[in-house]
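Sequences are here, hints too, so could you generate the full structure?
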Amino acid sequence: MKIKSIKLVDYKPIKNIEIDNLGDVVIIAGANGAGKTRLKEAIVTSIQSSPIMDITIEATRKEESGPKYLNAETINLSKGTQNQIFTQYINSRKYGQGKYVGSLVQIDSKRNLETLKYNQISYMVADPDDTDTPWNWGYSPFIDRWRDFMNYVHQKVAAHKNKLADDLQKDPSQTGSTILKKFPLPLEKYKKIFSDIIPGKELQDINPAQPNEFQYKDSSGQVLPFSTLSSGEQEVIKILFDVARKEIRHSVFIIDEPELHLHPTLTFKLIESLKSIGEHTNQFIFLTHSADLISTYYSTGNVFFIDTNQSGVNQAHRLSELDKSHHTLVQLIGENLGLFAVGRKIVFIEGESSSIDRLTYHKIGRSVNPELIFSPVGSVVNMGALKVVEEQLRNSLFGVDMYMLRDRDGLRQDQIDELEKNGRLFCLKRRHIENYFLDENILNKVAIHLYLNKVGVDVSASHIAKEIKQIAGETIGFNLYKNFKEHIGANYSIKVPKIIPIETMSLENVKDEISNGLESSLNFLSTELEKKNTINWLNAEQIRLEKLLQTGEWKLEFQGKIIFAKTCSKILKGNALTIRECYVDIAMEEKDTGMIELSEIFKKM
Numbered sequence: 127m128k129i130k131s132i133k134l135v136d137y138k139p140i141k142n143i144e145i146d147n148l149g150d151v152v153i154i155a156g157a158n159g160a161g162k163t164r165l166k167e168a169i170v171t172s173i174q175s176s177p178i179m180d181i182t183i184e185a186t187r188k189e190e191s192g193p194k195y196l197n198a199e200t201i202n203l204s205k206g207t208q209n210q211i212f213t214q215y216i217n218s219r220k221y222g223q224g225k226y227v228g229s230l231v232q233i234d235s236k237r238n239l240e241t242l243k244y245n246q247i248s249y250m251v252a253d254p255d256d257t258d259t260p261w262n263w264g265y266s267p268f269i270d271r272w273r274d275f276m277n278y279v280h281q282k283v284a285a286h287k288n289k290l291a292d293d294l295q296k297d298p299s300q301t302g303s304t305i306l307k308k309f310p311l312p313l314e315k316y317k318k319i320f321s322d323i324i325p326g327k328e329l330q331d332i333n334p335a336q337p338n339e340f341q342y343k344d345s346s347g348q349v350l351p352f353s354t355l356s357s358g359e360q361e362v363i364k365i366l367f368d369v370a371r372k373e374i375r376h377s378v379f380i381i382d383e384p385e386l387h388l389h390p391t392l393t394f395k396l397i398e399s400l401k402s403i404g405e406h407t408n409q410f411i412f413l414t415h416s417a418d419l420i421s422t423y424y425s426t427g428n429v430f431f432i433d434t435n436q437s438g439v440n441q442a443h444r445l446s447e448l449d450k451s452h453h454t455l456v457q458l459i460g461e462n463l464g465l466f467a468v469g470r471k472i473v474f475i476e477g478e479s480s481s482i483d484r485l486t487y488h489k490i491g492r493s494v495n496p497e498l499i500f501s502p503v504g505s506v507v508n509m510g511a512l513k514v515v516e517e518q519l520r521n522s523l524f525g526v527d528m529y530m531l532r533d534r535d536g537l538r539q540d541q542i543d544e545l546e547k548n549g550r551l552f553c554l555k556r557r558h559i560e561n562y563f564l565d566e567n568i569l570n571k572v573a574i575h576l577y578l579n580k581v582g583v584d585v586s587a588s589h590i591a592k593e594i595k596q597i598a599g600e601t602i603g604f605n606l607y608k609n610f611k612e613h614i615g616a617n618y619s620i621k622v623p624k625i626i627p628i629e630t631m632s633l634e635n636v637k638d639e640i641s642n643g644l645e646s647s648l649n650f651l652s653t654e655l656e657k658k659n660t661i662n663w664l665n666a667e668q669i670r671l672e673k674l675l676q677t678g679e680w681k682l683e684f685q686g687k688i689i690f691a692k693t694c695s696k697i698l699k700g701n702a703l704t705i706r707e708c709y710v711d712i713a714m715e716e717k718d719t720g721m722i723e724l725s726e727i728f729k730k731m
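Residue numbers (this note's numbering): 127 to 731.
Think of the hints as simulated: they come from the structure by calculation, not from any bench.
A couple of the hints might just be wrong.
Ranges of calculated distance between the beta carbons of each label pair, as one might list FRET restraints [what the hints assert, rightly or not]:
1. Gln668 - Leu633: 48 to 54 Å
2. Leu306 - Asp344: 25 to 31 Å
3. Lys315 - Lys194: 30 to 36 Å
4. Ser695 - Val439: 33 to 39 Å
No residue lacks a Cβ here, since even glycine has one placed at the ideal position from N, Cα and C.
Next up, the structure:
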C-alpha cells in the first residue's frame, strides 16, 4: 500500500494541511514548531486505529486490490469514521519467516538508548522468525523495537545452531555449504550493512550464551564496543538493522528527522539503503530539516514545506510550484534550511531545476565520491557562460570546488576534446543521461522488481529490445531535426571580422573593414547553407542514423530523452521516475557498463 493524499485539520499546532499526489519518496520540511512530528503521529494513529485525519490509501499489488482485502485500487479513511474494510486489512498483516508486507513502519526521532536489559537465552531456543510478525510491529516506538531487536538477534544466532544440527541429523551426507545455503548465517546481512555504511570496520560475531552489545574490529585490528562508534554511525546502523530484520515490502515508512546526528554523507547512505529495501515497493515519507535531502529531492516535485500560518489556508506548499508571488515563504525556507557547501565539490549539470537528472547524478556520483553535490544550471548556453567565469568563482569562494557536466548532444570528438581540456568541464559519453537507461536486460529486471509484469504486459528482455528499437526507428525524423539544429549551432555563426592594425586606420577604413568582413561572412554562410548543401547533409545524416539503428549504436547517439519516456509509458507502463531510480540501483549492483562509464567521470572530479 501507499499513501496518495492526506488532510489534517485542527490538530495543534496544525490548522490545515492538505497534500495530494504523494510519490514514492516524499520530503516534508518546516521550521521548528510547524507540526511535522504531530503530522507523523496523526498518520500513524489514523492507519493503526481510528482515523483522526483524511487519508487516501492506494493498493500497490493485485492481492491488496482484490476481493480478499481492499477490493478497490484506492480506499479512503475519513476523520472520525472507522473504515471496517481497512481495519480488517491492517489487522490481517501477519507474516511468518520475518516478513512484513502491506503495512506501516514508523521511525520516530527518539532513538537514543542509555541502558539495555538482555534476556538469558535458553539452549533449546526456537527461531524467532518461525512465529508470525504481529500486525502492529512497525507502529511501536523505535527504542522499543531496538530493545527487542538486540534480544532477537541473540536468540536468532542461538536458534541457527540448533537448526543446523537438526538438519544435519536428518541428512548426515550434506556438506556444510549445502546446509548454509538453506540456513544462511543470521549475522551475514548485518555484517554487510555494517561494512557498507562504515568502510574499514567489521561487525564481530556474538555469543548468545553471554548476550551483550555488538562489537566491531577497526582498520588497525582492534576490537571495540558498538558504543565507541560516533553518534551518527550508531544512529544509521540502528535504523538499518531494525528494518533489515523483516522483509518489508509494499509498506509505508514514515521517518522523523532521518538526518539527526548525521553528516550529510551518512544521511545519503541511510536514505539510499532504506530505499533499496523491498525491491522498490515501499513508500518513504521523511520529515526533515536537512537542506541536503530537500535540495536532492526538490526536482521530483515531492518536497513540501509546512509554514506556521494559522489563517486556515493550506499550510503545506509544494516547493516545485512556488514562484515569485511566494517571496515571503521562499525567504522563510531559506532562513530555516540554509545551505552549507564548504568542503564540497559542486557539479553544475545541464538541465532546469525541475529536471530529475540531478537525482540520478546524485545517486551515482556520491556512491563514488561523497563530496559531490549537484546543481542544475539550465541550458547549455548557461553552461558555456559558467565555463568562462568558473575559474574566477572557484578562486574567490573559500572551500568550494567546481566542475561542470553536460550532455554530449551532437558534438564532434574534437569539439569535446576542446571543451574538456581544462579538466573542469566533462561531457557525457552518450547523448543524454537517458541513453544510459536503455539496456533491455536491466529494464526487464526493473519491471520484475516493480511488479510491472502484469497480465497483458510483456516485459521480457527480447520484447523490450524489439519494442524499444521500434520506438527509436520512429524518432529518426526527430533526431534528424535535432542533429541539424545542433550542427548549425556548433559550426556556424556570424563572425566579427578582425581588423589589424586598427590603431593606424582611418575611421572610414575601419567601417569598410567591418562591412566587408561581415559581407564575406554572410556570403560564406549563404554558400555553406544553401538548399542543395543542406539537403545533402540531411540525406547523409539520415543514412548514418539508419545504419546506427541496425548496429545497435543508436543507444549512444539517438535522443534518449524521448525514447526512454516512451519506453516507460508504452512498454513498461510505469512511472518514469521510479523506473529510473530502480534502474540505477540494479545497474550499479550489476556493474553495468553504463554506470561504470558515469562513475569514471565522477572519479575524475
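Structure-based check of all given hints:
About 50 Å separates the C-beta atoms of Gln668 and Leu633, a value consistent with the hinted range of 48 to 54 Å. Restraint check, Leu306 to Asp344: a C-beta distance of roughly 27 Å satisfies the suggested window 25 to 31 Å. Lys315 and Lys194 have their C-beta atoms about 31 Å apart, which keeps the hinted 30 to 36 Å range intact. Evaluation of the 33 to 39 Å hint for Ser695 and Val439 yields a pass: the beta carbon distance comes to about 35 Å.
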